[in-house]
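Chemist: The residues making up each chain are set out below.
Number of protein chains: 2
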Amino acid sequence: MKIIVDAMGGDNAPQEIVKGAINAARARPGLEIVLVGKEAEVKAAAAECGPLPETVKIVNATEVIEMHDDPATAFKTKKDSSMTVGLTMLKNGEGDAFVSAGSTGALLSAGTLLVKRVRGIRRAAMAPLVPVSGKGLVLVDCGANAECTVEYLLQFAYLGSFYASRALGMEKPRVGLLNIGTEDTKGDQLRLDAYQALKAAGDAGHLNFIGNIEAKEAIKGGCDVVVADGFSGNVMLKTIEGVGSFVGKELKGMFLQSVGTKVAALLVKSGLRAFKERLDPDTIGGTPFLGLQKPVIKAHGSSKARAIENAVYQAITAAEADLAGQIEANIELMKVGR
Amino acid sequence: MKIIVDAMGGDNAPQEIVKGAINAARARPGLEIVLVGKEAEVKAAAAECGPLPETVKIVNATEVIEMHDDPATAFKTKKDSSMTVGLTMLKNGEGDAFVSAGSTGALLSAGTLLVKRVRGIRRAAMAPLVPVSGKGLVLVDCGANAECTVEYLLQFAYLGSFYASRALGMEKPRVGLLNIGTEDTKGDQLRLDAYQALKAAGDAGHLNFIGNIEAKEAIKGGCDVVVADGFSGNVMLKTIEGVGSFVGKELKGMFLQSVGTKVAALLVKSGLRAFKERLDPDTIGGTPFLGLQKPVIKAHGSSKARAIENAVYQAITAAEADLAGQIEANIELMKVGR
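Chains as they are written, first to last, in the numbering used here: chain A, 201 to 538; chain B, 201 to 538.
Extracted from the complex, chain A is given alone in its bound form (with noise of 0.2 Å):
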């Protein structure tokens, strides 16, 4: 197994990248590490962290896409760019998996054109897998495609149940249609129309599909996997994140009133620790992108080394999972007659 790690994308770049994909490759005895970037930053991060294993290899890439180059087309003009050279050797099968933790709009666009989707897919999806209830849900998709059409909703279905199913380990995954109300009459019309088409692929026996969801529900464990475009799942993604930071400074303040709630604060620190780790994302690690040809891993823009190591280990689960086949086996199943 081999991971190619853009070495010089998202806020902590190199250091903690570099870190982090060290400390995977002394953790994972087996697996390879490709740091793509500039050569002479990616060895000075490296010699931070001790003795390079050999495992771990360096290739150069002199330019870096930043936050401000257009995503849409920075992979072009920056060719010898850390993202589009180590996409590209993904491409090439110089490594089994991609991850980055730079600008997310640039390696959408990179990683559909470079890597490709699979044959049949319309649109590639994020599916971050979203710590609540349970082992956590599937919102899929949670930014990538703000305009959906019923077939992208169908697609996106199949590609997070896969997932689930395959990377997850989640049996059967219950699939839900993020909706504002459970009646099959509920939503717009992009809703009514996706209702049927998931639930035909349910009593078809293709999908294990529970029918519309609202969001309260999901979250309270409803589901393993919630279907949405692009726009209302990245909603639902920003809202647990502001409710989530809202809840524990509102937390943090309570424990800090008197000598009384410090002392509170003291008895339940391992328990207030749990919780915030179970909200961290780095301990998550990144969210794949679903229906490319290969696995490519985005890890937050803020991942320290941690959340570096956990999208390494996420990126070869997914690689593993070969969610490509699953998908090209049954693409004909995500079709929707014009």
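Keep in mind that the hints are not guaranteed to be accurate.
Some chain A residues near chain B, calculated using beta-carbon distances under 10 Å [as the list claims (entries may be wrong)]: (1) 438; (2) 443; (3) 513.
It is worth saying that the hints were derived from the structure and are not from the lab.
C-beta atoms are modelled at their ideal positions from N, C-alpha and C, and glycine is treated no differently.
We have chain A already, so just place chain B on it with the hints.
Modeler: Coordinates of chain B only, in the frame set by chain A:
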């Protein structure tokens, strides 16, 4: 000031509704309450609350709109329902505002068709005050209109802004457009077009438009009014509720872990209560339907007496604010050329 209350709407009708309305009448001298519903039941419920204040009247209505009735037509097929009778009284000037904890869909249809929208307003919108940072966040629309046009969104911005400033005391409320990024190139076509319409209104000094806003920033207090189509607005609202309930459950588990954590729970008891109260829908009261000629307030279906009492106060505030007058005076600003 005379508030008409649907005594039969909601899970706890008529007892809790009647109690809440009578409590409001007792607390506010000069406030008149009209309880509409099955006379015998309402009288029996009122008898449980002690002597009926002179300011509380009961109007008989022999039918009740149930949750399983078709929301679009229930008010017509059940002409003698508490909702239809109450809204007709409102329309005829026999009261200043109407409060109901009954079916949201039925209330929206009945409110729109009986009380009617202000001339020029395309759609009524639901605008709850979400109890997040600071004074809270007006979320408009949160579910009445799954499918929206640019003109709807522009109108929602004005409706929310007028409500925030005139009824909630927010000065020059900061209006943000819910989007999946802050740049003006973000989002789907609806958002791109709405951004331009809102920016023009902001540049002309009619609205304090601060641009696109992500759900996370809105929750953190980045704006006072967030403008959304009813689909994504509903997803945001339900996600907030879902995460709130999820966090509450997790915290409870944390505090129940050991003797030490139980002691901690005692030490932060008052803080926890304040925190819970803050997020409690009963404290907030109801959701106004903005854009109608007279105030209609939807209380939670699960409302108990305190929630109804608060919804009555909210109805008073809405009536005093004369939102309809403000909307009428500015309706020309809310039109989008075709």
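Chemist: Take the shortest C-beta to C-beta distance between residue 443 of chain A and chain B; is it under 10 Å?
Modeler: Holds - the Cβ of residue 443 of chain A comes within 10 Å of chain B, reaching about 4 Å at its closest.
Chemist: Can you verify the interface hint for residue 438 of chain A: is its Cβ closer than 10 Å to any Cβ in chain B?
Modeler: It holds, given that the least Cβ distance between residue 438 of chain A and chain B is near 4 Å, below 10 Å.
Chemist: Would you settle whether the hint for residue 513 of chain A is holds or violated, based on the nearest Cβ-Cβ distance to chain B being less than 10 Å?
Modeler: Violated. Min distance 25 Å.
The structure does not agree with numbered hint 3 stated previously, though it agrees with all others.
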